Amino acid sequence: MTARIDGKDYDIIEGETILDIARRNDIYIPTLCNHPDLSAFGGCRLCLVKVEGFRAFVPACATPVQDDMVIETTEEDLDDLRRRILQLILSEHPSACIICADREECLDLHPDPTKAGRVTGCRFCPNRNECDLFDVVKALGVDDIWVETEYKDVPLYRRDPFIHRDYNLCILCGRCVRVCAEIRGVSAIAFTERSHDATIGTAFQGPLVDSSCVFCGACEDVCPTGSISSKMTRWVSIPEVTGKSTCVMCPAGCAMDVGFKWGRMTITEPSEEGENVAQACLKGRYCTVPLTNSKDRLEYPRVTTDGVLRPVKWETALETAVEGLKGFAPEEIGMIVSPSLTVEEAFLAQRIMRGLGSDNIAIASNMAGPMQKAWGGAMDRVAGIGTMTDIRDCDAVLIVGTDLSLTAAVTQVHVHAAWKDGASVFNVKIDPRKGYRHADVIEPDAYGPFMDILLEEVKAPGQQPHTPDRDAAGRIASALKDADKTAILVGPGAFRDAAEGTQVAKLALELFEAVNGTVLLPLWDGGNVQGVLEAGASRCLTPGQCIEQDSGKYSSGRNPLGEGIKALYLTHPVPEIPEGVEFVVYQGPFGSQVSERADVILPSSMFSETEGTVISLDGRVGSITSDARLPNMAKPDWKVFIDMGRALGLDGFDFEAVADITEAVGLPLEPGTHLPPGEPLPEGDRAVRVDDAVNPVGPWPCSATRYRGREIAEDVEDFLEVAASWGWDE
Amino acid sequence: MNRIITIEEEVPNVHKMVIDAPDVAKKCKPGHFAIVIPDEQSERIPLSIADWDEDAGTVTIYFLEVGVSTMKLARKVAGDEIDMMAPLGRESEIDNYGTVVVCGGCYGVGAIYPIVKALKEAGNTVVTIIEARAKYLLYNEEVLARDSDEIYTATSDGSHGTKGKAQTVMKDLVDGGRHFDRAYIMGCTFMMMRNARMAKELGIPSKVYLNPLMVDATGMCGVCRCDVGGETKFACVDGPEFDGADVDWEQLFKRSAQYVPHQTLAYQHKKCDIDHCGGV
Ligand SMILES: Cc1cc2nc3c(=O)[nH]c(=O)nc-3n(C[C@H](O)[C@H](O)[C@H](O)COP(=O)(O)OP(=O)(O)OC[C@H]3O[C@@H](n4cnc5c(N)ncnc54)[C@H](O)[C@@H]3O)c2cc1C
Ligand code: SF4
Ligand code: SF4
Ligand code: FES
Ligand code: FES
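If you read the sequences in order, they're chains V and A. Using the working numbering, you'd call the opening residue of the first sequence number -12 and step up by one each time. Using the working numbering, you'd call the opening residue of the second sequence number 60 and step up by one each time.
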């Protein structure tokens, strides 16, 4: 099948529109309301084209192309019409700068937008360096407006957290409305009527915070004008340096486009390239920058003298740490590894401990221990099965122990895609927090017993007397069994108690096998738990999750927060320093109540300031890059570990660059690829591969509202407002 | 502390504020400015005195919201108190020159009024030109018309008056045979630069009102340094009125850009307590 466009023939792909085929072949048709990820709207009429045999012009974005169609996209009368349509749009937009004769000189002399309250022209507009509206103006060559211009004079919405809205700039393309409903499954905003004018807003024009809005920023990203912008970064304009990175605020591992200016991180935006399909959540999109630029960072190495933490040179801090640690026997030293470290950093951390002869290493995660215990015996590696994008093809989705509001929030995008295709979605959770609106929510009293019932209902349905939990379990069981493909996601809420967590993890795996599932993913309570496990930074593991417990190489495999520990090397705050601990080294970007008690403080990086690799909850390898200047004397964690390893006189620390460490880890860490899934072992081979030495330490405070132990709300007040309104304020 | 008597958004993003300040009102002269401190955590910002009323004991200020301090100011309501130091700066040079052209843009449309009035009182024929990007951003036309012999408007989009800027009208008038003995130009830096250049081209001596960043406004800190006629001047005590032809505009733009990173990043941490309209 072919169509003829502007005199040339092109092959048609089944189901595509005239706009699709044109875009595919680099034929320019102006558009405003269309967005490639969203359904056609046909509202702006800029994409009108001429089709032979049609009496009127047709919108290219909403017209399916047919065999033998003859299409004209460039005739002069078409461009005239498009120009007049565009001028009408501009007449209700603050357009003076668009057609101002001094535009270029003025914008050159004001390279950054003026930080106005109301945007009354491009010079003041946060969107001015990536404006779809102006691109169309240029393409059509509009330098005049034939109708009287008008300022809408509608109120600004500037009290909401994170997002600033100025609908005086809005051209009513509806992209924001569609992304919110179609991609995010939230539908917080819609076209509404204010007196006689159509506008965009929440129901009753209330604040976003009172709506179903999840502050993901998707609307800002698709808006072709400056109507929707980030309050914190709207005036930063284009970055000086851009890069591709990965978010570590949660384990979803969203691919991010990051920007730096004036030596600081200034923007994070979801990238097209990851599994997150150009989507992110409020933590990655809006909290990373203010957290990185927090006024409260640890900036100087410090050493306690006479009971006071005093700033010192790096050498002094390292010497003090070395002297302190060497004063204890290996089995008396413990280390807490932060799940926010990169694979390379975690690798160096465990190398320090093993170099000292100690295996007392634990990850600051409530899930890591129970998961190792529950899945470690039944799988070749502790890891999920399937990927986040595989969820899209599932017919039944079960989410246990989280609501996807602040943990792996972006997976909701895939869950919603599945729901739109008819999947049933169940959310078993205990906390009454904001969740996915289309989910069938079940709130049992406890996770363990409910999962037991669920498994029973899968294996032998309807044998037991009715109870509300059993009925709900029956509903889920029959949906899971009926489904061709099922996804089971297990989240941190079920792991606040280690024993229950272990039980839930075991039952989830059994359930997965019983229903012959497709996707089984641990929604870890930390950005890089998977990567830290792969790096071998946990007792009894070596890189690649090989078991070392019987090798006899290490003096002990104790709980680093348990008895007999006298010196602690912390890279993550612990709830409290256990009694009996005499010496504490604290390494991290933020202080905490325990850093106050440290003997040595080593100021380090946020993930946004380091380099290396992280691994998402579905095994995707993400790379981290940065161009940020660290606050004062702080250094990236990997450099601190190298310095520490050398200061301790250990072998294996002569690395110059992160890439050398990546190589030393010895895993297939190719960015964008997935590590192999955790394959269930055949029934006969199963063995308890991890014994009680891997008792979890903790419980650790809720990770959903923290980064590396730091409450995000301490640096980002807007986060507090949102989290509290969702019930995360315990 | 000074009480705000009225405050309103005159046109989008331009706010008019009348402040109770009897002592200041007694001493004001055309060309003077005030230092305003919106709240305890705020920076000190210079704003021109746009009018005063000795009897009522008030002064009037027009300001644009362009950053953190003006954002805070714009969120104030009648009855709120601010700190104000005024009058500051040197009085404007006013005499009977014959025919003068007065150009106002952005906040200058409001703040040029005392100069128009004084020029008129001194016996000049006053031709006033005000500019804005669009009709809906024009204000104060009637007030200025009262003390002007002629008044013209210009808009970038042509929605009112001449399509173009104040300098477009100035040139049109001179091309049409008008003669001006002096030009007075007040507005944003870009507007003043463009108009001062045009005045120079047309052979009209001009006065401009420089608006660099200021800190103490008493000639001590040096933040307001400007290059005028090859000499370093402190805008707060040597100005803000200077000869437009002598100003090193490029330098002025460069210096004001110097603090942009600091001013912009402030949005991530400073918050307007009044209604959280700012950063975090
Ligand atoms: C003598 C004098 C008189 C002034 N009179 C007035 C007045 O009557 N009304 C008024 O609105 N402003 C006036 N200004 C300018 C005013 O002082 C600044 O706009 C104000 O300090 C900005 O403070 P901020 O913290 O809100 O913004 P900041 O964050 O400090 O600055 C915001 C941004 O705006 C730029 N900027 C600064 N001044 C201007 C300007 N005038 N126009 C456009 N961009 C600017 C800065 O370079 C910066 O990029 C005057 C300045 C001087 C020196
Ligand atoms: S959205 Fe902003 S940059 Fe784009 S045309 Fe409008 S004012 Fe200019
Ligand atoms: S706010 Fe932006 S995306 Fe939404 S309708 Fe208006 S212009 Fe379009
Ligand atoms: S892009 Fe087709 S109607 Fe808007
Ligand atoms: S403001 Fe400090 S010298 Fe002028």
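Note that these hints are calculated values from the structure, not bench results. These numbers were taken from a predicted model, which means no experiment stands behind them. A hint or two may mislead.
[To be verified] Under the rule of at most 30 Å between Cα atoms (straight-line distance), these lysine-lysine pairs were calculated in the DSS-like manner:
1) Lys313(A) with Lys139(V)
2) Lys222(A) with Lys125(V)
3) Lys194(A) with Lys125(V)
4) Lys88(A) with Lys222(A)
5) Lys135(A) with Lys139(V)
6) Lys282(V) with Lys313(A)
7) Lys313(V) with Lys421(V)
8) Lys259(A) with Lys282(V)
Against the structure, the hints come out as follows:
Taking the CA atoms of Lys313(A) and Lys139(V), the gap is near 35 Å; set against the 30 Å cutoff, the hint is violated. Restraint check for Lys222(A) and Lys125(V): the C-alpha separation of about 20 Å stays at or below 30 Å, so the hint holds. For a cut-off of 30 Å, the pair hint linking Lys194(A) to Lys125(V) stands: about 24 Å separates their Cα positions. Taking the CA atoms of Lys88(A) and Lys222(A), the gap is about 34 Å. The hint is violated against a cut of 30 Å.
Of the supplied pair hints, the one linking Lys135(A) and Lys139(V) holds, its CA atoms being roughly 23 Å apart against a limit of 30 Å. Pair hint Lys282(V) plus Lys313(A) holds up; C-alpha atoms about 28 Å apart against a cutoff of 30 Å. Between Lys313(V) and Lys421(V) the CA atoms are separated by roughly 49 Å; this puts the pair beyond 30 Å, and the hint is violated. For the suggested pair Lys259(A) and Lys282(V), the alpha carbons sit about 48 Å apart, so the restraint of at most 30 Å is broken.
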